[in-house]
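If you're matching positions, the sequence shown starts at 14 in the working numbering and goes up one per residue.
Since the hints were made in silico from the structure, they are not lab data.
If you're wondering where the values come from, they're calculated on a predicted model, not measured in any experiment.
Just so you know, not all the hints are guaranteed correct.
[Unchecked claim] Taking lysine-lysine pairs in the DSS-like style, the calculated list, with each CA pair at most 25 Å apart, reads:
(1) K148 x K247
(2) K136 x K310
(3) K355 x K74
(4) K169 x K136
(5) K116 x K294
(6) K169 x K109
(7) K310 x K148
(8) K355 x K116
(9) K310 x K120
(10) K136 x K355
(11) K313 x K205
(12) K75 x K60
(13) K120 x K136
(14) K459 x K205
(15) K203 x K68
(16) K459 x K355
(17) K169 x K398
(18) K310 x K109
(19) K525 x K101
(20) K120 x K459
(21) K355 x K310
(22) K101 x K355
(23) K294 x K459
(24) K60 x K74
(25) K136 x K294
(26) K203 x K109
(27) K313 x K148
(28) K51 x K64
(29) K459 x K203
(30) K136 x K148
(31) K247 x K398
(32) K310 x K143
(33) K120 x K294
(34) K313 x K294
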Amino acid sequence: MLDPDRGLSLTIARVVQRLQGSSLHSQLERQARVSLHKPEIKLESLKEDIKDFLKTSGWEKKLQNAVYSELNVFPSPCHPAAPPEHIKEPLAYMRKAQGSWEKRILKSLNSMCTELNIPLAQKRPANEQKELLNKWNEMGTDEPDLSLFRPVYAPKDFLEVLMNLRNPNYENGEQPSFRNHLGLIQVPLKVKDIPELKEGFSELGLNIGQLGIDDSAQVPPEFFENEHVRVGQKVLAEQDSAAAQQYVRQGCPTALRADLWALILNISNQPEDILYYEQLKSNVIQHNLLVDSLIYKDVKLTASNDDYYFVFEDYLYQVLLCFSRDTSVLEHFAYSSATPPKSYIQGKLGMEEYAVYYPPNGVIPFHGFSMYVAPLCFLYHEPSKLYQIFREMYVRFFFRLHSISSHPSGIVSLCLLFETLLQTHLPQLFYHLREIGAQPLRISFKWMVRAFSGYLATDQLLLLWDRILGYNSLEILAVLAAAVFAFRAVNLMEVTSLAAAEAVLADLSTLKVMPLLQIFLFATVT
14 MLDPDRGLSL TIARVVQRLQ GSSLHSQLER QARVSLHKPE IKLESLKEDI KDFLKTSGWE
74 KKLQNAVYSE LNVFPSPCHP AAPPEHIKEP LAYMRKAQGS WEKRILKSLN SMCTELNIPL
134 AQKRPANEQK ELLNKWNEMG TDEPDLSLFR PVYAPKDFLE VLMNLRNPNY ENGEQPSFRN
194 HLGLIQVPLK VKDIPELKEG FSELGLNIGQ LGIDDSAQVP PEFFENEHVR VGQKVLAEQD
254 SAAAQQYVRQ GCPTALRADL WALILNISNQ PEDILYYEQL KSNVIQHNLL VDSLIYKDVK
314 LTASNDDYYF VFEDYLYQVL LCFSRDTSVL EHFAYSSATP PKSYIQGKLG MEEYAVYYPP
374 NGVIPFHGFS MYVAPLCFLY HEPSKLYQIF REMYVRFFFR LHSISSHPSG IVSLCLLFET
434 LLQTHLPQLF YHLREIGAQP LRISFKWMVR AFSGYLATDQ LLLLWDRILG YNSLEILAVL
494 AAAVFAFRAV NLMEVTSLAA AEAVLADLST LKVMPLLQIF LFATVT
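Let the sequences and hints guide you as you build the complete structure.
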């Protein structure tokens, strides 16, 4: 066990090391040098005067936000003697399962490559580069023949893998408490119960004002909204990431959401960020990757057919194609159970010095991947900022929804939390659905993998994502999934097949997220 003081010193060392290589560090140095020419900076109190200057000029706040962002993203430090793979995933059987799953994905990608006789990557001819550059803002009008391409995997394939997960330590022994779990997920992970969730999500309480609740008994909605907007404007004026994160737990006013999310994620869209995006765009123009066709196919199959998102088709191509080339995304593999796939230069198979990550960001898109970007298009219309927000959302949250790990926000824990909540608090419904072959997780899994994108109305989805950012956790997805089943319980008790149960839950677009969550969490008898 790592003692608190040692853990704190390791955290500080890691944050300092991370920030030293950042543009913020060089900007702070430059500002400190500029301040030396100011008359109020005295030689005898140089250190304190420079500190005061950085504080009054707003640079101290920027540094605080950067530190807060690092603490939110990176996990707590392990014991110095722990091997690196323990930072990625502490449980060996989870690491092994993730490794096997990655091999399956690569096999699917390689077989498609071989069948279609298409290279993983190739340079575009000059005329093709020019054509793509000219139609960059209207790629949705392009209709390439994608009939031979298929998604590498879909959520249901991933669920089958999770259902077969087992902890070998319990395979032969008896663990009565866990053997009582009758869901599809059969791994003994600790998940929260309703009292713990109530405590964790205390700001969602029935007596606390919320955006997304039309009729609070405590405070008239219009009065709460006006006051909440005023406080939100003050939070933005202060430019404090931690305050913004606390604030959005009660929901974001529509007019402030884009700026508040950017503040929480510490995205400022500086000139160097815009330049970086343009470099990624240039990489897309120059080289054609096999994953480009997978991205095109996914957008055509999902967002292009969605009533809310089809208008953003061009944005989705721009963001996702650039994302596939972004090597900075590789950094998240330090705390992800996944490992980026490698490819080898032709004729050099197995020779590490000729190995490259493929795709360059290490992430192979799956069916529905584009739906992580689509809702953000409502908030950000400047491509480079939209791109940065999505990338930060992905490396903080979304990667956990398609990798096998024991993390509380990982998809395995979310599935187990969902099934445990249903089995504990709606046992009759759970057993009924199980008996008719309609295991609830078979229906809710696709909602959680997509963070409900494409299933809820957009205004409701953004209210849900407010809380993901506010609590820095994906656990609320499992709670909402259970709340949806609770809301439709009467109808579900009457169905006699999986198809009938799916029909009852086919349309979630009329649901109001916040009342569902509040009733399930705070009006459930425990």
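Now for the hints, and whether the structure bears them out:
{"no.": "1", "hint": "K148 x K247", "in the structure": "violated (42 Å)"}
{"no.": "2", "hint": "K136 x K310", "in the structure": "holds (21 Å)"}
{"no.": "3", "hint": "K355 x K74", "in the structure": "violated (40 Å)"}
{"no.": "4", "hint": "K169 x K136", "in the structure": "violated (34 Å)"}
{"no.": "5", "hint": "K116 x K294", "in the structure": "violated (30 Å)"}
{"no.": "6", "hint": "K169 x K109", "in the structure": "holds (20 Å)"}
{"no.": "7", "hint": "K310 x K148", "in the structure": "holds (18 Å)"}
{"no.": "8", "hint": "K355 x K116", "in the structure": "holds (11 Å)"}
{"no.": "9", "hint": "K310 x K120", "in the structure": "holds (19 Å)"}
{"no.": "10", "hint": "K136 x K355", "in the structure": "holds (19 Å)"}
{"no.": "11", "hint": "K313 x K205", "in the structure": "violated (38 Å)"}
{"no.": "12", "hint": "K75 x K60", "in the structure": "holds (19 Å)"}
{"no.": "13", "hint": "K120 x K136", "in the structure": "holds (24 Å)"}
{"no.": "14", "hint": "K459 x K205", "in the structure": "holds (22 Å)"}
{"no.": "15", "hint": "K203 x K68", "in the structure": "violated (43 Å)"}
{"no.": "16", "hint": "K459 x K355", "in the structure": "violated (28 Å)"}
{"no.": "17", "hint": "K169 x K398", "in the structure": "violated (32 Å)"}
{"no.": "18", "hint": "K310 x K109", "in the structure": "violated (30 Å)"}
{"no.": "19", "hint": "K525 x K101", "in the structure": "violated (36 Å)"}
{"no.": "20", "hint": "K120 x K459", "in the structure": "holds (23 Å)"}
{"no.": "21", "hint": "K355 x K310", "in the structure": "holds (23 Å)"}
{"no.": "22", "hint": "K101 x K355", "in the structure": "holds (18 Å)"}
{"no.": "23", "hint": "K294 x K459", "in the structure": "violated (31 Å)"}
{"no.": "24", "hint": "K60 x K74", "in the structure": "holds (18 Å)"}
{"no.": "25", "hint": "K136 x K294", "in the structure": "holds (14 Å)"}
{"no.": "26", "hint": "K203 x K109", "in the structure": "holds (20 Å)"}
{"no.": "27", "hint": "K313 x K148", "in the structure": "holds (17 Å)"}
{"no.": "28", "hint": "K51 x K64", "in the structure": "holds (13 Å)"}
{"no.": "29", "hint": "K459 x K203", "in the structure": "holds (22 Å)"}
{"no.": "30", "hint": "K136 x K148", "in the structure": "holds (18 Å)"}
{"no.": "31", "hint": "K247 x K398", "in the structure": "holds (23 Å)"}
{"no.": "32", "hint": "K310 x K143", "in the structure": "holds (22 Å)"}
{"no.": "33", "hint": "K120 x K294", "in the structure": "violated (29 Å)"}
{"no.": "34", "hint": "K313 x K294", "in the structure": "holds (21 Å)"}
Going down the numbered hints, you'll see the structure goes against 1, 3, 4, 5, 11, 15, 16, 17, 18, 19, 23, 33, while the others check out.
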